[in-house]
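Student: Let the hints inform the model, and build the full structure from the sequences given.
Protein chains in written order, with our numbering: chain A, 37 to 323; chain B, 476 to 710; chain C, 2 to 341.
There could be a bad hint or two in this list.
[As the list claims (entries may be wrong)] In silico EDC-like links for lysine to aspartate or glutamate, alpha-carbon gap of 20 Å or less:
1. B:K576 / A:D219
2. C:K135 / A:E256
3. C:K135 / C:E152
[Stated by the list, open to error] To be clear about the criterion: a stretch of chain A counts as covered by chain B if any three or more of its residues have a C-beta under 8 Å from a C-beta of chain B, and this derived list gives those stretches:
4. 192-203
5. 211-225
Hints in this document: simulated from the structure, not taken from any laboratory.
All values reported here derive from a predicted model rather than from experimental measurement.
Backbone N, C-alpha and C fix where the C-beta goes; we use that ideal spot for every residue, glycine too.
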Amino acid sequence: MDLLLNLTVNGLATGMLIFLLAAGLTLIFGLMSVLNFAHGGLFAWGAFSGVFFYGVTGSFLISVIGAVLTGIVLGFITEKLIIKPVYGNHVQQILITLGFMLVLSEMLKVVFGPNQIAAKTPDYLSGSWEAGGVILIKYRLFIILVGLLVFAVVQFILKRTKIGLIVRAGVLNKEMVQALGIDINKVFLYVFMAGAALAALAGALMAPYSGVVYAEMGLEFAILAFIVVVIGGMGSFPGSLLAAILVGLAGSYMAYFVPSLSLAVNMILMAVVLIFRPQGLFTAKEA
Amino acid sequence: MSRLLTLENVHTHIGQYHILQGVSLTAEEGEVTVLLGRNGAGKTTTLRTIMGLNPATSGTIHYGGQDITKLPTFSIANGGIGYVPEDQAVFTTLTVEENLKVAMRKEDEAAMARQDYVLTLFPDLKKFWKKEGGHLSGGQKQMLAMARAFVNDNRLMLIDEPSKGLAPIVIESVMEAIREMKKQTTIILVEQNFSMAAGVGDTYTLIDDGETVQSGRMEDLVRDEELKRTYLGIA
Amino acid sequence: MISKLQGKNFWLIVIAAVLAAFPLFSDSRTMTILLTQIFIFSILAMSYDILLGYTGIVSFGHAMFFGVGAYTTAVILDRMEPTLGMFLLSIAAGMLIAGIISFIAGLLTLRLKSHFYAMFTMALAGLFLVAAEKWRAVTNGNDGFTFRAPEFFQDRTMFYLTALGCLIVVYLLLSRFVASPMGRVLIAVRENEQRTASLGYKTLHYKVTASVVAGIFASLAGSLYSVSLRFVNTSVMTMDITLDALLMTIIGGVGTLIGPILGATVIEFAQHYLSGLARDYPIFERWIIFFGIVYILAVVFFPQGIVGWFRQVRAKRSGKRAAALKAKQPVLKAKAEENG
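Tutor: Pasting the structure below:
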């Protein structure tokens with residue numbers, strides 16, 4: 037019982053981090069059919085800048101804010117310099133975003149050095165609680181909380197605000213949105229920056245969770261996020277949460293019970309979804 | 476009366492295809508101009524070119540004295556042009572209310588009053604206020620698409636085949652709405668159903684193979700059997 | 002046209018002859034190793050271009066075929082006798098396995114849209130990498146293992162000539178392949194898949210074929226690579242290998258066979274000299290950044306790479322406007338219409 041609970045908490049925490057990454061990917065894809073292969077680079081930048089700001093200021097809160105701001109700035113640059121010039125051409129987009137991923141992760145090594153860096157957990161989030169004989173690690177619960185909070189906030193924006201309404205309409209038919217007098221490119225820039233901010237947030241939260249940050253973490257997590265986006269349905273925001281939890285839990289249980297198959301399970305899940313249900317498990321919309 | 480919209484010798488390419496090969500037309504303020512022509516003649520592309528969705532490759536489009544040929548779609552729309560596409564393009568997972576809200580440029584009292592007025596033209600929409608666009612019937616979708624374009628105080632409405640695929644009784648109420656809208660705005664209408672076109676149109680522009688063949692008053696066309704036979708296949 | 006083609010072939014023969022004779026008048030070990038490396042990566046990049054440049058498919062999993070070849074050869078030479086026969090057998094085995102994998106993967110996923118396919122291959126290659134890390138009994142995990150190469154290759158020159166020979170053979174085979182009716186259909190798929198399908202071609206069938214051809218030659222490159230090092234570890238399965246192939250193809254020029262060879266040459270030389278500079282200027286440690294930036298600029302402004310640029314310059318000089326226009330028509334932009 038104890039074990040299952042802990043595995044579940046682990047899985048949920050990892051799932052939430054993947055969700056933060058996948059949320060941006062899926063909205064960006066839904067709105068502009070751009071699949072951003074550099075998204076993992078933004079995640080890694082979030083992780084490194086989080087560690088950096090934490091080291092400089094000693095405040096975890098400021099480090100997270102700093103990471104998110106870094107994400108926003110990088111998101112702005114990425115959209116303007118990388119995505120915009122090749123907008124509308126899928127092959128070029130795929131190629132250029134992967135190239136930018138390479139540049140982003142090499143730049144990390146230039147700025148922060150080529151080695152992995154240790155990341156600390158703030159005191160007030162270290163350690164664990166014991167409730168009824170069950171040990172719960174604080175930081176993991178914190179991540180789950182943040183993930184749920186982000187989900188609620190984004191969901192509120194999507195459902196209750198004008199910009200959210202425009203994003204949802206844009207996912208369905210961006211041509212019509214423009215014909216209604218909305219500058220969809222501006223909306224897309226905002227969404228892209230928001231997605232980058234979420235990726236950077238995920239990175240900043242990931243750093244204390246894994247204890248170290250390294251340039252390759254971007255690619256590793258991006259692959260998980262791609263799997264989630266496919267399973268959840270490209271463009272579906274709630275789908276990405278469900279799929280991320282599924283992938284996080286599957287990874288966590290499998291890592292304990294059948295360690296050699298932990299990544300394979302998610303891959304196979306993705307392959308099955310791609311082949312039999314390319315629109316995703318949690319969406320009725322045609323992909 | 477003054478000219479609201481003028482297309483002069485407009486050419487449009489889509490990919491490698493040369494779709495419009497010299498379309499010229501004018502729309503007078505307060506009138507209904509009907510675009511006529513066979514399937515594939517370029518009527519829909521003409522509307523899309525005006526909206527900037529398939530930008531003109533040459534020629535000019537003037538609207539209210541301003542050259543809008545090269546403007547992006549959203550600026551053209553914000554200049555006061557409402558567009559009702561052929562497939563209606565209702566936002567399927569948004570409710571009727573949300574569909575209208577996306578379109579509203581402002582949400583002040585005047586805008587709300589305008590919305591109430593538009594809803595008197597399409598009373599069905601009021602009934603299905605919280606229903607998702609995808610769950611509406613074909614006729615209701617058409618109404619929603621028109622209401623969405625009309626919820627702003629637009630000076631010009633581009634309406635693409637509103638009768639397509641609708642039952643005769645529904646067509647009648649759609650036409651009734653267009654007649655009502657006509658009192659407020661200028662309309663360019665693409666319509667295959669000639670009797671319907673003749674019923675609401677003031678002027679017509681005949682397009683064939685991507686080119687304007689003839690324009691004139693609707694009553695003249697109604698009498699011109701030969702023109703109708705040659706280009707519209709009606710005797 | 003015919004005389005021009007002959008001119009091109011003439012120069013290629015001269016270059017091949019000079020390269021073959023190179024060991025006779027130079028005993029620079031570094032240069033021999035560098036050139037061998039270039040030959041191997043040229044094969045990899047050419048195989049990648051069959052997908053990217055000729056068929057318009059973006060795969061991010063090419064490393065797995067390279068890795069399959071590298072491991073197959075390494076394991077066979079290690080477990081069996083390190084003889085020339087075993088070497089040839091291991092190459093064949095690697096190509097067979099790679100062919101089967103690319104056939105199955107292609108059949109299942111090549112019907113997907115471009116971004117799904119890119120994503121899927123990336124994840125699949127990630128899975129192969131993890132498998133190579135975990136299956137320690139065979140691969141010895143991250144640490145990898147050394148093995149003995151056939152006696153015949155003790156002399157580096159012999160291996161140099163073998164790699165050169167392989168490059169020439171692969172170049173000739175692929176030249177025939179892309180000029181064949183099959184190759185023409187692949188180009189048609191790249192230009193407009195829907196139209197090709199509407200002409201009655203089973204485009205999936207052709208795309209799978211392209212993916213199998215690309216896979217088996219990538220495996221050959223991998224086999225040669227591991228023998229050149231007499232060592233293999235998980236690095237042969239990493240994204241870096243795919244990125245190398247991608248950079249070489251894009252910078253050299255997609256949609257040609259010479260382009261990837263040129264790209265491999267430029268990048269290998271640059272890597273060699275720039276990482277040499279890194280001892281004095283640490284920034285050159287990150288030499289790949291320059292290529293990343295060049296690559297991005299190439300994708301946007303020069304989708305035809307060095308070859309396209311060269312063609313344009315030559316066409317301008319001889320005033321052949323038609324040729325210039327042809328060179329300007331970027332392969333990568335071919336799909337813009339369909340998506341826009």
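Student: None of the hints should be skipped; say for each whether it holds.
Tutor: Structure-based check of all given hints:
Between B:K576 and A:D219 the CA atoms are separated by roughly 16 Å; this keeps the pair inside 20 Å, and the hint holds. At roughly 16 Å between alpha-carbon atoms, C:K135 and A:E256 fall within 20 Å of each other, so this suggested pair holds. This hinted pair does not check out: C:K135 and C:E152 have alpha carbons roughly 31 Å apart, beyond 20 Å. Given a C-beta distance limit of less than 8 Å, the hint that chain B covers the region 192-203 of chain A holds, as 3 residues qualify and 3 suffice.
Chain B is given as covering the region 211-225 of chain A, and this holds because 10 residues of the stretch bring a CB closer than 8 Å to a CB of that chain, at least three being needed.
In this structure, the one hint that does not hold is number 3.
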